[in-house]
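*Asks:* Each chain, written out:
2 protein chains.
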Amino acid sequence: MRICIIGFGAVGQGVARVFSMKRNKIKQKYGLDLELVAATDSEGAVISEGGLDPDLLIETKKKTGKVSEYPKYGVSGLSGYEVMDTVEYDCLIEVTPTNIDDGEPARTHILKAIENGKDVVTSNKGPLALSYREIVDKAKSNGVEFKFEASVGGAMPILNFAHETLAGCDINSVFGILNGTTNFILSRMAKEGSSYEQTLKEAQQLGIAETNPAQDVDGIDAACKVVILANSILNRDVSFKDVEIDGISKITPGSIELAKKEGYLIKLIGEASQETLEVSPRLVREGSPFAVGGTLNVATLKTDLAEDVTVVGKGAGSVETASAILSDIISIWKVRK
Amino acid sequence: MRICIIGFGAVGQGVARVFSMKRNKIKQKYGLDLELVAATDSEGAVISEGGLDPDLLIETKKKTGKVSEYPKYGVSGLSGYEVMDTVEYDCLIEVTPTNIDDGEPARTHILKAIENGKDVVTSNKGPLALSYREIVDKAKSNGVEFKFEASVGGAMPILNFAHETLAGCDINSVFGILNGTTNFILSRMAKEGSSYEQTLKEAQQLGIAETNPAQDVDGIDAACKVVILANSILNRDVSFKDVEIDGISKITPGSIELAKKEGYLIKLIGEASQETLEVSPRLVREGSPFAVGGTLNVATLKTDLAEDVTVVGKGAGSVETASAILSDIISIWKVRK
Numbered sequence: 001m002r003i004c005i006i007g008f009g010a011v012g013q014g015v016a017r018v019f020s021m022k023r024n025k026i027k028q029k030y031g032l033d034l035e036l037v038a039a040t041d042s043e044g045a046v047i048s049e050g051g052l053d054p055d056l057l058i059e060t061k062k063k064t065g066k067v068s069e070y071p072k073y074g075v076s077g078l079s080g081y082e083v084m085d086t087v088e089y090d091c092l093i094e095v096t097p098t099n100i101d102d103g104e105p106a107r108t109h110i111l112k113a114i115e116n117g118k119d120v121v122t123s124n125k126g127p128l129a130l131s132y133r134e135i136v137d138k139a140k141s142n143g144v145e146f147k148f149e150a151s152v153g154g155a156m157p158i159l160n161f162a163h164e165t166l167a168g169c170d171i172n173s174v175f176g177i178l179n180g181t182t183n184f185i186l187s188r189m190a191k192e193g194s195s196y197e198q199t200l201k202e203a204q205q206l207g208i209a210e211t212n213p214a215q216d217v218d219g220i221d222a223a224c225k226v227v228i229l230a231n232s233i234l235n236r237d238v239s240f241k242d243v244e245i246d247g248i249s250k251i252t253p254g255s256i257e258l259a260k261k262e263g264y265l266i267k268l269i270g271e272a273s274q275e276t277l278e279v280s281p282r283l284v285r286e287g288s289p290f291a292v293g294g295t296l297n298v299a300t301l302k303t304d305l306a307e308d309v310t311v312v313g314k315g316a317g318s319v320e321t322a323s324a325i326l327s328d329i330i331s332i333w334k335v336r337k
Numbered sequence: 001m002r003i004c005i006i007g008f009g010a011v012g013q014g015v016a017r018v019f020s021m022k023r024n025k026i027k028q029k030y031g032l033d034l035e036l037v038a039a040t041d042s043e044g045a046v047i048s049e050g051g052l053d054p055d056l057l058i059e060t061k062k063k064t065g066k067v068s069e070y071p072k073y074g075v076s077g078l079s080g081y082e083v084m085d086t087v088e089y090d091c092l093i094e095v096t097p098t099n100i101d102d103g104e105p106a107r108t109h110i111l112k113a114i115e116n117g118k119d120v121v122t123s124n125k126g127p128l129a130l131s132y133r134e135i136v137d138k139a140k141s142n143g144v145e146f147k148f149e150a151s152v153g154g155a156m157p158i159l160n161f162a163h164e165t166l167a168g169c170d171i172n173s174v175f176g177i178l179n180g181t182t183n184f185i186l187s188r189m190a191k192e193g194s195s196y197e198q199t200l201k202e203a204q205q206l207g208i209a210e211t212n213p214a215q216d217v218d219g220i221d222a223a224c225k226v227v228i229l230a231n232s233i234l235n236r237d238v239s240f241k242d243v244e245i246d247g248i249s250k251i252t253p254g255s256i257e258l259a260k261k262e263g264y265l266i267k268l269i270g271e272a273s274q275e276t277l278e279v280s281p282r283l284v285r286e287g288s289p290f291a292v293g294g295t296l297n298v299a300t301l302k303t304d305l306a307e308d309v310t311v312v313g314k315g316a317g318s319v320e321t322a323s324a325i326l327s328d329i330i331s332i333w334k335v336r337k
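Protein chains in written order, with UniProt numbering: chain U, 1 to 337; chain G, 1 to 337.
Everything labelled a hint here was simulated from the structure, so no lab data went into it.
Any given hint could turn out to be false.
For chains that are exact copies, the list does not tell them apart, and a pair is met inside one copy or across any two.
Straight-line C-alpha distance at most 30 Å; calculated DSS-like pairs for lysine-lysine [as the list claims (entries may be wrong)]: (1) Lys29 x Lys302; (2) Lys66 x Lys191; (3) Lys334 x Lys140; (4) Lys25 x Lys201; (5) Lys138 x Lys62; (6) Lys29 x Lys337; (7) Lys118 x Lys337; (8) Lys260 x Lys72; (9) Lys138 x Lys334; (10) Lys302 x Lys337; (11) Lys302 x Lys27; (12) Lys201 x Lys250; (13) Lys250 x Lys337.
Construct the complete structure from the given sequences, taking the supplied hints into account.
*Replies:* Dropping the structure here:
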């Protein structure tokens, strides 16, 4: 399977690292030969139909900041869009940064690949939160696979879990801690009794929160994931603007303390059902699967037959997210071979 | 797909109920037509190649205690073994009671079906804890599917999750609260400060613990599940006798209190790795996915790429367990169609 990676930030590099780590094992276990034929970043690209060395690619990127500095095969200034016209490939990995305003350039990359009959795997929330139905319908009519496990909660594989593992159940709603940064902040506030502002600062110092933390603490990231869960698992047709969003910046140590006395914790919860699309701070019971701390993500599927089934995993991390992409690639391979 | 259910206790009746609830939906969604052609219990059987009415079957069993009282098609005294020689079917559902001494009669039922080229789904821990490799090898050499999601933790679908959803990861170990009764007792002791003996009595009154609670409280049930996890997920070749087992009957309110002060809970944990097969009471941190109470089951997969991934679900319940059986049937259908 010839792979083209568009975007070579943390997730793109994670994919390359995972290819390097697991290529032989995957070949042996599934008969799938992963061949990385192109990679791009905002500065240029590298293309080799004979296959790129993932380790050399990561090293080149780390040293020079540009994939186009890859020996012999680098091309400065070439865009992802142009690369897709140039190289022969089977599966596009779209891992450019999420853009929640118009989903670009990821949306165009994905649609172009689908129109050209290529399978697509992405971790990019933008196109999924804004143009889900358009992309899925186009994938269906072009007979290609479109997979996006990594877009919700990195290594908390909730989408394929819902579709495959729980195939016998109808799923009525999804309910989760979908953002690791806010979980870290709220867990720490509960433990230390510290203020929101101080805890955010600590999280920033630890590299867990961004310098501009709005995406996380205002619930935007979680809202994108709510949209993806609603469209993919509940078969709805909604977009980012449909979500009611409330963040965590107004939560005080006093309210956390009060909740604690009653046996509750405060968590930022995303909920998707046929009636509701919401991100807001809510009370969860101690001793429930939602009482997890740190940067963990959790999602509970409310089903007709199995009652509540919950998955807990790391919500972020480059190799962790890449592992979800690899599982998607393998599931495409099982369909294609 | 013509289905033959051997055993018509709680799980068998759950399967019939699920067939009744979901048959139309499954047909519509997967193109799979589920036809129940036979069911047996210890008293006899009922066979109809034209298909049985699941609701009437459940009603008959509830009223008379015997499936053989089913109008027109009931046959008193016919054994499961004989039924398998009589009826034309595609998939055997083996849900007789677990027997951990020699795995019978389930082991013989399963092997016979496999030898006859039938697919098999079971929730029965006995044959899996005692004769796993024999059965799996025979299924492979006969080209049939053998699925047993329901044997570990009812509605906590850990096996298919490991094999399908986490296809890109290597799994190094499995670690879990694999028995709901002991989780209930230990959670309640922690909450109420009550003694083991008193709490066990309460659990028995609530119908959560059996009159003879040894299977649960002595760790035997959890040990069977450790064996299944080790063989299925870690590709080991072990059996029940290989597990080191310690139960919960010696745990005192004092030790629970002491753990609590340090931020820990005591849970009965089953662990399977390449080196270890063990069931024993252990400390788990508050705020970890293992801090769940009630009768919930939890299992964490330690993976190479995604770190720890955890599934939480109801460990028992007739419809819940049947939902895992239905998911297995659907996955067989996806291979067969």
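*Asks:* Please list, smallest to largest, the hint numbers that this structure does not respect.
*Replies:* Failing hints, ascending: 2, 4, 5, 8, 13.
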